[in-house]
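Could you put together the complete structure from these sequences and hints?
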Amino acid sequence: MDDIHQQLVQMVDKMPAFPGSVNKVLQMTSAIDCAPKDLVQVIEHDPVMMAKILKLVNSAYFGLSREITSIKHGVVFVGLNTIKNLAISIATMGMLPKTGPAGLDMNEFLLHSLGTASIAKLLGKRLGVTPDKATDYFVGGLLHDIGKVVFAQFMPQEMERALKRVESEGVSLSIAETIEIGADHAQLGGMLAEKWQLPHALVTCIKEHHSPELNNDSNKVLDCVIAANIIVKQVEFGSAGNLIEDRLPDRVSARFGMELYELQNSIRDLDEELEKANAFIRI
Amino acid sequence: MLKFTFRGVRGSIASPGPKTVKYGGNTTCIEVRTDNELIILDAGTGIFPLSQTLFPEFPLTCHVFITHTHWDHIQGLPFFIPMFVAGNRVKIYGGQDPITGNGVQEVLSRQLEYAFFPIREAELSAELEYISLSENQVVNIGDAQVTNVLMNHPAINYGYKVTCGDKSLFFTGDHEWAYNIYDPDDDDYQLFEDHIAQKRKSIIDIVRGVDVLIVDTAYTDDEYPAKKGWGHGSFSSSIAMAREAGVKHCFFTHHEPTRSDEKLEKVFQDALDEHPNQSGDPEFYLAQEEFSFEL
Ligand SMILES: [Zn+2]
Ligand SMILES: [Zn+2]
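First to last, the sequence lines map onto chains S and R.
For the first sequence, position 101 (counting from the first letter as 1) is numbered 101 according to this note's numbering, and the numbering increases by one without interruption.
For the second sequence, position 139 (counting from the first letter as 1) is numbered 422 according to this note's numbering, and the numbering increases by one without interruption.
FYI, nobody ran anything at the bench for these hints, they're computed from the structure.
Remember, predicted model here, so these are calculated numbers, not experimental data.
Each residue gets a CB set at the ideal place from its N, CA and C atoms; glycine is no exception.
Hints are not guaranteed to be accurate.
Derived, one-sided and incomplete: chain S residues facing chain R with beta-carbon distance under 10 Å [what the hints assert, rightly or not]:
| no. | residue |
| --- | --- |
| 1 | Pro36 |
| 2 | Leu56 |
| 3 | Val57 |
| 4 | Ser59 |
| 5 | Ala60 |
| 6 | Phe62 |
| 7 | Arg66 |
| 8 | Val75 |
| 9 | Phe77 |
| 10 | Val78 |
| 11 | Thr82 |
| 12 | Thr130 |
| 13 | Asp132 |
| 14 | Thr135 |
This is the structure:
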């Protein structure tokens, strides 16, 4: 895993973002009166842009004395123009293919990530977190599967075999990835997130979203992302190549005091939120 | 001892001529002296007249802190004479460009490329050193300390605090307080307000209680709305900052290049009239070229 890690860390710096947001960023920023909040919204809907910008604002270039946990936070702490120029520099690297060489449909993947993000945020609010903290839930959901895009982009043959193995053998993607690549997307994503010095809670979400048993200290963000990831697959909103699960891990259902279906049915605004995410990426 | 002299107080572009004789036409440069050290804040065109005064001190060591690399803050650097004379040591400090990853050296040495300037960096005889700073890094210079905080401008801009014994001054470089990008009825409005308040506090905490605040005050309150987002302060924002931080003396700088001496004094007086003196207020002044102040 260490070798893979080293190679990937370098390649990921060159990884482009999703086509829709690349186009929007280039288009918006060519107008001098580009509304800052619209630009922020585009970045917040693209896992690659989000990860790369959080990486930079948390890096030694700024050496900021505090963790930057969201794009809005970044806009205030390092300045709108810097965030805008970072987005432009990412957009000019090109864009991810619509269907990656590994056969992962990037549009479906994006829907899965956005859906998880929106649901995690709803769940967070339901647990009573402040709007400030609710953003962490959204970001955790958006980035939880970042390791998959990296595998699909840089180890397409292995990833394709892993995706096929899920279909033919009914094993989870994590198991299939471990067989084909030697590590799963959660481990890879977690390592990248650590390397990028992303906020600690976010690293945990990425690293442990398939292994709640690893986490002893109670972590609300992680539990919400785990639940959201399962719910978004249940309602068949997007897809990121993994199996549909029909129950929540014990700790997670204990957190909400209910089982999967009850939780799923109890989320008001679920359809509305998912429709918003869907509409946004189709503009 | 902590003493400073303004060598350039103009924003954006040098503006010499009969209408700016009193306050001066050079762009930003502040000479700061302690008992034994020379610290220079920014290298606008004002660093050239400063360098004319330095010959008697050769060989000298000096520390040049760059707030940001917009032209009006670095334009004078290739004409900083101590760099051409062997035996001098010039240390140049500044932030890094996060987009390209370039440190202060790459940015500044571009100024000395063949197409822009006849003398190459390699031909400078003084000993040159570049230091890229991260936020809140403390630089010790003799008995003085220089720290920085990231301000808000369309470039990475550090405000610098110079402390010597129980005296201190803070220079903002170019700065506009962050404003909300959301409308009051947007969901994210309050969240963004909270971030702004947190950032404001982190700056004010550093400025709090300094003897002297030198602050970007490019615009009048009437001019500001049309220039919102350009990265500069106004009389109202500067007065509010000085009051909130409880400073003793506040100098307004980065004067608009088109503002004549007469107009400058008028807008200054108007601002003071609009903000009548409160108890605990600092003394307010217009920054003026060649003006010296010992703290
Ligand atoms: Zn300026
Ligand atoms: Zn500037």
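The hints, checked one at a time:
Look at S:Pro36: its Cβ gets to within about 4 Å of chain R, closer than 10 Å, so that hint holds up. Contact between S:Leu56 and chain R, as hinted, is supported at the beta carbon level, the nearest pair being about 6 Å apart and thus within 10 Å. Hint status for S:Val57: holds, given a least beta-carbon distance of 8 Å to chain R, under 10 Å. The beta carbon of S:Ser59 is positioned within 10 Å of a beta carbon in chain R (closest approach about 7 Å), and the interface hint is therefore held.
Proximity of S:Ala60 to chain R holds as hinted, the smallest CB-CB distance being about 6 Å (cut-off 10 Å). The beta carbon of S:Phe62 is positioned within 10 Å of a beta carbon in chain R (closest approach about 6 Å), and the interface hint is therefore held. With 10 Å as the threshold, the beta carbon of S:Arg66 comes within range of chain R, its nearest partner Cβ sitting at about 8 Å, so the hint holds. Taking 10 Å as the C-beta cut-off, the interface hint given for S:Val75 holds, the closest approach to chain R being about 7 Å.
Taking 10 Å as the C-beta cut-off, the interface hint given for S:Phe77 holds, the closest approach to chain R being about 6 Å. About 7 Å separates the beta-carbon of S:Val78 from the nearest beta-carbon of chain R, less than 10 Å, and the hint is met. At a threshold of 10 Å, the smallest CB-CB gap from S:Thr82 to chain R is about 6 Å, leaving the interface hint in force. At a threshold of 10 Å, the smallest CB-CB gap from S:Thr130 to chain R is about 9 Å, leaving the interface hint in force.
A distance limit of 10 Å between C-beta atoms decides the matter here; for S:Asp132 the minimum to chain R is near 6 Å, and the interface restraint holds. Using the Cβ-Cβ criterion of 10 Å, the hint placing S:Thr135 at the interface with chain R is satisfied: the shortest such distance is roughly 7 Å.
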